[in-house]
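Let chain D serve as the given structure and place chains Z and W on it in line with the hints.
Residue numbers (the working numbering), protein chains in the order written: chain D, 61 to 219; chain Z, 266 to 1005; chain W, 96 to 386.
Treat the hints as calculated values from the structure; they're not laboratory data.
Note that the coordinates shown come from a computational prediction; the quantities given were computed from them, not determined experimentally.
It is possible that part of the hints are untrue.
Under the rule of at most 27 Å between Cα atoms (straight-line distance), these lysine-lysine pairs were calculated in the DSSO-like manner [what the hints assert, rightly or not]: (1) D:K63 <-> W:K142; (2) W:K184 <-> W:K151; (3) Z:K675 <-> Z:K564; (4) Z:K384 <-> W:K142; (5) Z:K474 <-> Z:K558; (6) W:K151 <-> D:K63; (7) W:K142 <-> Z:K875; (8) W:K151 <-> D:K132.
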Amino acid sequence: MSKLHVTTSVNGQPEEVLCEPHQSLLDVLRDELGLTGTKEGCSTGDCGACSVTLDGRLVCSCLVLAAEAEGKEVGTIEGVANPDGLHVLQQKFLEHAALQCGICTPGFIVAAKVLLERDPNPDETTIRYWLAGNLCRCTGYDKIIRAVQDAATELAHEA
Amino acid sequence: MAEAHDLKVIGTRPVRPDGVEKVTGRANFGADLHLPGMIHGKVLRSPYAHARIKSVDVSGALAMEGVLAAVCRSDFPEETDDLGRNVIARDKVLYHGHAVAAVAATTPLLAEQALDAIKVDYDVLEPVLSIDQAIADGATLVNEEMHTNGDASQPASNVAAITKFERGDAEKGFAEADVVVEGEYRVPMAHQGYIEPHACTATINEEGKITVWCSTQGHFDVRTQTAAILGTSISKVKVIASEIGGGFGGKLSVYLEPLAVKLSELSNRPVRMVMNREEVFRATGPTSATWCKAKVGAKKDGTITAATAWLAYEAGAFPGAPVGPGCMSVLAPYDLENFSIEGLDVLVNKPKVAAYRAPGAPQAMHAMECAIDDLARELGMDPIDLRLKNAADEGTQAPYGPKFPAIGLKACLEAAKAHPNYTSPVPEGCGRGVACGFWFNIGMQSSAEVLIREDGTVIINEGSPDIGGSRASMCLMAAETLGIPYERINAHVADTESTGYCNMTGGSRTTFATGMAVVQACEDIIAQCKERAAMTWDIDADQVDWDDGQAVPKPGVNADVDPLSLADIARAWGRTGGPILGRASVNAQGAGAGFSVNWTDLAVDRETGKVDVKAYTAIQDAGRAIHPAYVEGQMQGGAAQGLGWALNEEYIYDDNGVMENAGFLDYRVPVASDLPMIDTQIVEVPNPTHPYGVRGVGETPITAPLAATSNAVCDALGFRVSELPMSPPRLLEAIDSQEG
Amino acid sequence: MGDYAYAAPTSLEEALSVLEAQANDGQRTQILAGGTDVLVQMRSIDKEPRTLVDIKHIAETNALSIGADEIFIGAAIPSAALNENDELKGLLPGLIEAADLIGSTQIQGRATIGGNLCNSSPAGDTIPALVVVSAVCVIASPGGSREVAVGDFVTGVGENCLESNEILVGLKIPRPGNNSADAYLRFIPRTEMDIAVAGAAVALTLDEGGTCTSARVAIGAVAPTVLLVEAASAALVGTKVDDDALNAAAAACSDAASPITDKRGTVEYRTKVVGVLCKRAGGIARDRASS
Chain D
61 MSKLHVTTSV NGQPEEVLCE PHQSLLDVLR DELGLTGTKE GCSTGDCGAC
111 SVTLDGRLVC SCLVLAAEAE GKEVGTIEGV ANPDGLHVLQ QKFLEHAALQ
161 CGICTPGFIV AAKVLLERDP NPDETTIRYW LAGNLCRCTG YDKIIRAVQD
211 AATELAHEA
Chain Z
266 MAEAHDLKVI GTRPVRPDGV EKVTGRANFG ADLHLPGMIH GKVLRSPYAH
316 ARIKSVDVSG ALAMEGVLAA VCRSDFPEET DDLGRNVIAR DKVLYHGHAV
366 AAVAATTPLL AEQALDAIKV DYDVLEPVLS IDQAIADGAT LVNEEMHTNG
416 DASQPASNVA AITKFERGDA EKGFAEADVV VEGEYRVPMA HQGYIEPHAC
466 TATINEEGKI TVWCSTQGHF DVRTQTAAIL GTSISKVKVI ASEIGGGFGG
516 KLSVYLEPLA VKLSELSNRP VRMVMNREEV FRATGPTSAT WCKAKVGAKK
566 DGTITAATAW LAYEAGAFPG APVGPGCMSV LAPYDLENFS IEGLDVLVNK
616 PKVAAYRAPG APQAMHAMEC AIDDLARELG MDPIDLRLKN AADEGTQAPY
666 GPKFPAIGLK ACLEAAKAHP NYTSPVPEGC GRGVACGFWF NIGMQSSAEV
716 LIREDGTVII NEGSPDIGGS RASMCLMAAE TLGIPYERIN AHVADTESTG
766 YCNMTGGSRT TFATGMAVVQ ACEDIIAQCK ERAAMTWDID ADQVDWDDGQ
816 AVPKPGVNAD VDPLSLADIA RAWGRTGGPI LGRASVNAQG AGAGFSVNWT
866 DLAVDRETGK VDVKAYTAIQ DAGRAIHPAY VEGQMQGGAA QGLGWALNEE
916 YIYDDNGVME NAGFLDYRVP VASDLPMIDT QIVEVPNPTH PYGVRGVGET
966 PITAPLAATS NAVCDALGFR VSELPMSPPR LLEAIDSQEG
Chain W
96 MGDYAYAAPT SLEEALSVLE AQANDGQRTQ ILAGGTDVLV QMRSIDKEPR
146 TLVDIKHIAE TNALSIGADE IFIGAAIPSA ALNENDELKG LLPGLIEAAD
196 LIGSTQIQGR ATIGGNLCNS SPAGDTIPAL VVVSAVCVIA SPGGSREVAV
246 GDFVTGVGEN CLESNEILVG LKIPRPGNNS ADAYLRFIPR TEMDIAVAGA
296 AVALTLDEGG TCTSARVAIG AVAPTVLLVE AASAALVGTK VDDDALNAAA
346 AACSDAASPI TDKRGTVEYR TKVVGVLCKR AGGIARDRAS S
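One chain only, chain D, in its complex shape (with noise of 0.2 Å):
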C-alpha cells in the first residue's frame, strides 16, 4: 500500500504526515505527531475522547480520514491552552475537580470549548446535549457541567 503524503495544520503549526489511506486522524496526531492527549476510547464515534476540531468544526477524529485533513486546521487539546497559561476551561475543570481518571478531560475541554465560542450563555441542558456525545464514567458529568457554567461565566466577565 503506498503511503499518502497529507499538508495540514495542527494548533496553528504547518505539518506534513505520510500516513496510510485508511488511517484514522485519531491515529496519525497520536502515533506519527506525537499528540497523545487526543485519546481512543471507542474508535466508532460513541466515546468522544477523541475529540478534536476540524476547521472549528467539533468531531471525532476517529471517524475522520488523515487524508481528509489535508489543507485543514485541526485543533487538540495540545493546542487550547496557550502561551499565558491554562484556558479558562482547564482552571475550571482543576477547580471544581471535574476529572478523576482524567482520560475523558482532553474530549470534554475541546468539546466545550467549541460551545462556548458557538454560545456564551448556554444553560444547562443546552451543556449536557452538546456534550453528549462526550462519555464520562468516572464523574457522573456534575462537576463537568458545573465547570463549564463557571467557565461561561468567567469568560463572559472577561468580555
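Just chains Z and W now, kept in the frame of chain D:
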C-alpha cells in the same frame, strides 16, 4: 485524633498535583508510550462460547511479511491457574472472545490481518448461558472437574461453591411476623465501562529482565501475575503503572501483559498491545448477572423479625463470582436476630467476571432493598423510618461476624430525613425511591517513602495507582501531619522497583491504608527532625515538640532558641547526619464500613416506558473527607453507574453465547443529557483506627442506586418491575400487562 | 485482496471517471461523505480494502439553494451546517431536526443527509423525514443525471438503487407552502446517541380553517425500509388533526409496521411506539403549520 475544627488543610479543595498534566493532555495513559522499534500485538479470539481446542497452528501468520512473532498455548508453562487459563486458552475455550493466540507485527493492520492466517481446529460444544441452564438437571458442564465446594463425593457441577451465613431461626422469625414480603429479582451482567481500553507495552532483554508499562489498578499484582503465567520470578519483572483511564475493579487482573512479553521475547522488539472496545466488552471482566430471592418479615411496628436471601451469581468461565461479598452486604444495614443467607457461585460460558465497584453488593442489595421497600409500603411506614427502626449501629453484630465499631448509617438516615430533597414533595407525575448502601472496605498492605529536598519541600513515593485523585489526598494528609503548606508537597505513583510493596488500588483502601502509611512516614520524618533540632540545640530529642511545621522546645524546656522549620533543618542536614527520608509500611487494620442512603425522583412515560430521572441525592458517611470534592465525585460517579445499570445497561447474548451489543452504541451507559445534577451530602462519623478518621468511599456509592431507582419506578407506576435493566421495552410491557 | 486507497476528486466528472477507472482495475470503490458510517463499518463488519472516493470537494454536492419552488441540499453538507441555516430550519424543521438527531455533536459535524440516505439503514433518521417532504434524489451517472423519488431509492436493508459507478449529488425538495410543516420524532432509550428504535415523520398542509388538506406519514425502523403509510395520511386529511384523527393515524402506523425483535427493541414494543410517535409528530406538525 484531631477534631474537624483543628484541621488546617484536610477538608479543603486544592487542585490535584497531577491536574495540569491531565487537562492539557500531557498525562501518559496506557497506550501513550512510544518506544523506538515498537511493534503491535493483536489477539486471536475464540468464535465459540464453548469448544475443545484440538490444535492451534500459527505458522501461516508467521509466514506473512511484517509479522515478527506469534504465540499460542504451547508457548506458556502448562502448569498454571485460572488466570493463566484465561489469558490464553488451554484445552478448552470457555467463552466467545477467549484468547487463543496472539501475533506481533510492524503495523496494527498487519497484525490484525495475520490473525486470519492462524488455523485453529475446534470441537464445538454446547454452551451454558444462564444460571437456570447451569443448575438444571443434566446441564452441560463448563468444567468437568468442578465439584461444589471441592466435594468430589458429589457429581461434577456448574455450581463451584455455596456460601452460607446464618443466625438464629429465620422460620421462627417469619412465624412471628405480622407482615412478610418476598420477591425474586434479576440483575444483568454489566461492564465497568472505563473509557480507556486495556493497554500495555512490554520489553524483555537477553537476561530475561522484563519491563512492562501498563494501565492497571495494581502494578505489583501485574508483576506477580505476569511472572507466574510466564514461569519466571518476580525479580525479573519490573512494572511501571501509567496513568489509568478508569478501572472500577476491571483492571486488577492481567489480560495482555503476559502475551506482550512473550511476543517481545520472540521478536526481540518492544510490543504494544491495546484492546479495542469490542474486545473490552467481550473478553475482559464484566460483573455477574444474578438471580436473587429476598424475603423479609416484620411486626406491625416495623421491627424486622427475620430475613432470608438466596443469591445466585454467574461467575463466567472460571469460579470466583463476588457472591461472598454479596452475602456480606445484603443485610449489613440491619440489626437482626434471625436470618439465613445462601450464595451460589455458578459457572457459565461467559467471560470470567472481575470486580466491579463493591463487587457483588449492588446485585444483592438491590434484592433486599426492594423487599424492604415493599415491606414499608405494606406497613404504611416511611421507608427511612423503617430503616431507622432496624438500623445497624455501633455494637451491632454484622451478618458476616464482627461487631461494628462506630458507623454512620443512622447519621445518614437522619440526614436524609431532614434533607430538603426528601422533605420536599415528590414532583407531579414522578415517583420517589429510597435505598441504603454499604461496603465493608478493606485495609491490606501499603508502603510509603517520604523524601525531603534540601529546600524543605517534600516528595511522597507510594505504590497506589491513582484512579480518582488519591495523590491530592496523600498530599493533604502529609501537609496536615507535617504542618507545612500543601503546595510544598508532591506525590508520585512509583514503579515496582522504586517503592515498597503495595496492594492494588481497590476495595476503597487507598486513602485509608496508603494514607495511613503516608501519615506514618511523615511521623517518621517528624521524629528525625526533632532529633536534628535537638542536636542543633544541644538538648534531648524528647524535649522537642513539632508544632505547625516547626521544631520548638517543649514548654518548660530551658532553651532560648528560634523554631526550626523543615526547610531550616533540611538546609543544615549535612551538619546533623545527612539527608532526611522517612518511610512506613502498614498492614492496615480497622478499615471502617461505609454506609449510604440514596434516593431519586423520576417520571415514567407510560406510552413508551422511558424513564426521566429528575433528581438524585446521595448521602454517605466518609469518616473524614480528606478532599471533599473527590469524595463527592465518588458519590456522583457511583450513582451514575448505578442509574445506568438500573435503566439501560446489560449484556445481550444470542443463543450461541455471542454478545450482541459489544460497543458503546448499544451498551448504553448514561450520557450527560440523561442525568440531572447529583446532589450529595457527606456525613462524617470518624473511623477511630485511621489517624484522620478516614473511611473508604469509592465503592459504597454504587450499592444503593439500583434499588433506589427500582423503588422509584415502583412508586411511579404503582407496581414493581423486578428485572433490570428497566429499559423502555421492559417497562412498557409491564405497564401494558398491568393495564390489560 | 486489494489495498486501501483514497481519492478526492474536485468535480463530478472527475469523480465519475475515478469510479470507472477503479472498476476497470478490479478495485472496489466506496463513496465517502461524512464517514460516520463508512469508517465504522470498514473496521468491523466489512473489512475489505477499497478505494474511498471523497465527494466533499465537489461544488454540486456542497450546494445549498432555497428557491421559490424548490430547495436543493447537496449530499456532502454536514448536518451541523444545515442546522446553522435558520431559513432552512424554518422551511423544513422536521427534516433538519432529523439530521440533528443523528448521533452526537461530533457526529453532526461530519454526518450528511446524503450519507444517511445512502447507508440505507432501516433506522436512518433522515429517511422518513425525506419521504414525507417528497424529496427526490439527484444522481450523477456516466450517462448523465437521473432522478429517483426518495421512497424508491432505498430497496432493502443497507441496499439502494445506486449503481457502483453512480454518485448521489443531492436532494431536491419542493418548497413547502405557508400552511405546511413537517416533524420527525424517534424513540431512543437514552436522550442522545442511540439508533432509532422507531421513528415517525409527518408532513401536512392545513387550510385557513385549520383543516388538513394533505398529509404524508412515514415510519422508520419498523420494517426493512421506511414505509409511507397511506392509511395514516387518509386518517388526517379532512380533519383538524385532533386527538381522534391522530389516534386513527397512530393505529394505522402500528398496523403497517412489520418490525423485528433485536437488541434495540421487540416487535411488540416497536409496533406500539411507532404509533405513539406518529401521534406526537402529527401534533407537532399541526402546531407548526398553524403558527
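- Item | Distance restraint between W:K151 and D:K132, which requires alpha-carbon spacing of 27 Å or less | holds (13 Å)
- Message: Check the hint pairing Z:K675 with Z:K564 against an upper bound of 27 Å on the C-alpha distance.
- Response: holds (21 Å)
- Can the restraint linking Z:K474 and Z:K558 be considered satisfied, given a maximum Cα separation of 27 Å? violated (51 Å)
- Task: Please work out if W:K142 and Z:K875 have their alpha carbons no farther apart than 27 Å.
- Result: violated (36 Å)
- Regarding the pair D:K63 and W:K142, is the alpha-carbon distance no greater than 27 Å? holds (19 Å)
- Going straight from one Cα to the other, do Z:K384 and W:K142 come out at no more than 27 Å? holds (19 Å)
- Item | Restraint check for W:K151 with D:K63, where alpha carbons must lie at most 27 Å apart | holds (21 Å)
- W:K184 paired with W:K151 [C-alpha distance capped at 27 Å]: Status holds; Cα separation ~22 Å.
In this structure, the hints that do not hold are numbers 5, 7, in rising order.
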